[in-house]
Amino acid sequence: MTIDEIQEEIIEEFNMFDDWMDKYAMLIDLGNSLDPLDDKYKVPQNIIEGCQSRVWLNADLKDGIVTFQGESDAVLVKGIVSLLIKVLSGHTPAEILDTDLYFIEKIGLREHLSPTRSNGLLAMIKQMKLFALAYKSVNG
Amino acid sequence: MDKQFIQNIREDFPILSEKVYNKELVYFDNAATTQKPKCVVEKIEQGYYRYNANIHRGVHYLSQKATEEHEAARTTVAQFLNAEKREEIIFTRGTTEAINLVAFSFGEAFCHEGDEVIISVMEHHSNIVPWQMLCERKGMTLKVIPMNERGELEIEAFKALLTEKTKIVSIAHVSNVLGTVNPVKEVIRLAHEKNIPVLVDGAQAVPHIPVNVQELDADFYVFSGHKIYGPTGIGVLYGKENWLNAIPPYQGGGEMIQTVRFEKTTYNVLPFKFEAGTPDYIGSTALAEALRYVQNIGLEKIAAYEHELLEYGTKLLNEIDGMRIIGTAKEKSSVISFLVGNIHPYDIGMLLDKLGIAVRTGHHCAQPLIDSLEIPGTVRASFAFYNTKEEIDQFVAALKRVVIMLS
Chain A
1 MTIDEIQEEI IEEFNMFDDW MDKYAMLIDL GNSLDPLDDK YKVPQNIIEG
51 CQSRVWLNAD LKDGIVTFQG ESDAVLVKGI VSLLIKVLSG HTPAEILDTD
101 LYFIEKIGLR EHLSPTRSNG LLAMIKQMKL FALAYKSVNG
Chain B
1 MDKQFIQNIR EDFPILSEKV YNKELVYFDN AATTQKPKCV VEKIEQGYYR
51 YNANIHRGVH YLSQKATEEH EAARTTVAQF LNAEKREEII FTRGTTEAIN
101 LVAFSFGEAF CHEGDEVIIS VMEHHSNIVP WQMLCERKGM TLKVIPMNER
151 GELEIEAFKA LLTEKTKIVS IAHVSNVLGT VNPVKEVIRL AHEKNIPVLV
201 DGAQAVPHIP VNVQELDADF YVFSGHKIYG PTGIGVLYGK ENWLNAIPPY
251 QGGGEMIQTV RFEKTTYNVL PFKFEAGTPD YIGSTALAEA LRYVQNIGLE
301 KIAAYEHELL EYGTKLLNEI DGMRIIGTAK EKSSVISFLV GNIHPYDIGM
351 LLDKLGIAVR TGHHCAQPLI DSLEIPGTVR ASFAFYNTKE EIDQFVAALK
401 RVVIMLS
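Protein chains in written order, with the working numbering: chain A, 1 to 140; chain B, 1 to 407.
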């Protein structure tokens, strides 16, 4: 699936719920089912400090494809981390760089990304794109 | 205060009947900022509509009127704090600017390499960073008063920190995270035994308990307007006249000067020496209105009612499994910081928000305190006199629902 196809799928899933608490229950489920990040990646250089919660992010490049792993100490943030990984992991650096992450707005989670909320997510998206940029230059 | 009385008060605060996400708003973030009664907003409107003109310089009617209002506001603040003289009241942008002013000007006059400043472990960043900046500038050391497990200052440890190198002590009257009411009178007495002046950060105290700066014998006392039902952007520095005369100006500009020559400028007298530029005369007059509003209800009455809310909230919260209240001082203001089990405070706050409950989560601008407790932050519910036990019931019911979702 392309990145946009995955985004559409997520939007459809979330839009099944009218009530905020249901959307959040789904995020909590996603957060709880995210594979825990291996302790070896939970190192200071992988940490993205937010004011409210912390996010760890690790990336790998294999055969031209980027994979991400991540985690957070807050489960709602972990839920969003899992969505970001679902969308961006498994694509080429060029595809990741070209992506407009519109699903966040469409499913009503934009407030989590406001700079004032500073929970590390905005910084995480930026970091994912920076990884892609770095890998793109490695690939030539 | 009976139910009808509270209901009448609530009608003075239109925002309290707002809905968020189609739910009744429960506003429990009063330690961050308080809501404004109609009379305060009307005072701002009246200022701009009826007597707006730059103060202290105009010969015309409006300027005279605005000047009188601003100076009358100074008198109101002086009476509110029971300052000896109205010239001891300096208007600032808030608590933060007031502390920065003292840290800078006092530091310039009295601090040298090797000297020490004492603060406490439970300070807000605004009562830490200005002193750290002073320490860096002058090559001084910051000393920190520890606290016990209930969140009360260790007075014996404080005594040991007071040395001939100590130049100033700066502590919170009430902790914004723990709610602890510190024994500032005792702290001041002990410091004064060694001729050391004390600044008291009263941001979390003035809205909740009567403050008398002469009785406390505080050398400096600071607070913010917006935490006591006044507007944002206005605050107060009270300083004893002899200290304010002994320290240099903080900012230069108009208003604070006597005569300006390129060779030499002489400074104005108190309080103008510390009010460079056009002051926020709209803010000062609206703050005075807020203080009158609070005084009309009576701070003793407010304190007693908020204590009822604190005890009621504490009792209900303690019935929740895994509840851990952070800060259990004997003398406590209407702030409850807590954690539930291993749930991250951010998760609780986000879900409560969607149920209409406004609380604050995180480190509350007191990172060193949160780090010392080895927790990721807290959820903080802070009450004001317009809150009700019914709102606490709503909050606790919402919290129970949220905890089930997150467990």
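For the record, the hints were derived by calculation from the structure and aren't laboratory data.
Just so it is clear, the structure is predicted and the values come from calculations on it, not from any experiment.
Here a beta-carbon is modelled for each residue, glycine too, at the ideal position from N, C-alpha and C.
Be aware that one or more of the hints could be misleading.
[As the list claims (entries may be wrong)] The list that follows gives simulated cross-link-like pairs (lysine-lysine, DSS-like), each with its CA atoms no further than 25 Å apart:
| no. | chain 1 | residue 1 | chain 2 | residue 2 |
| --- | --- | --- | --- | --- |
| 1 | A | Lys106 | B | Lys23 |
| 2 | A | Lys106 | B | Lys315 |
| 3 | A | Lys23 | B | Lys23 |
| 4 | B | Lys354 | A | Lys23 |
| 5 | A | Lys106 | B | Lys19 |
| 6 | A | Lys23 | B | Lys400 |
[As the list claims (entries may be wrong)] The calculated label-pair distances, taken between Cβ atoms and stated as ranges, are:
| no. | chain 1 | residue 1 | chain 2 | residue 2 | range |
| --- | --- | --- | --- | --- | --- |
| 7 | A | Glu5 | B | Glu45 | 30 to 40 Å |
| 8 | A | Ala134 | B | His307 | 50 to 60 Å |
| 9 | B | Tyr49 | A | Glu5 | 34 to 44 Å |
| 10 | B | Leu142 | A | Ile47 | 46 to 56 Å |
| 11 | A | Met26 | B | Lys389 | 28 to 38 Å |
| 12 | A | Asp38 | B | Cys39 | 51 to 61 Å |
* Hint by hint, which ones does this structure get wrong, listed from lowest number up? -> Going through the list in order, the structure violates hints 2, 7, 9, 10 and respects the others.
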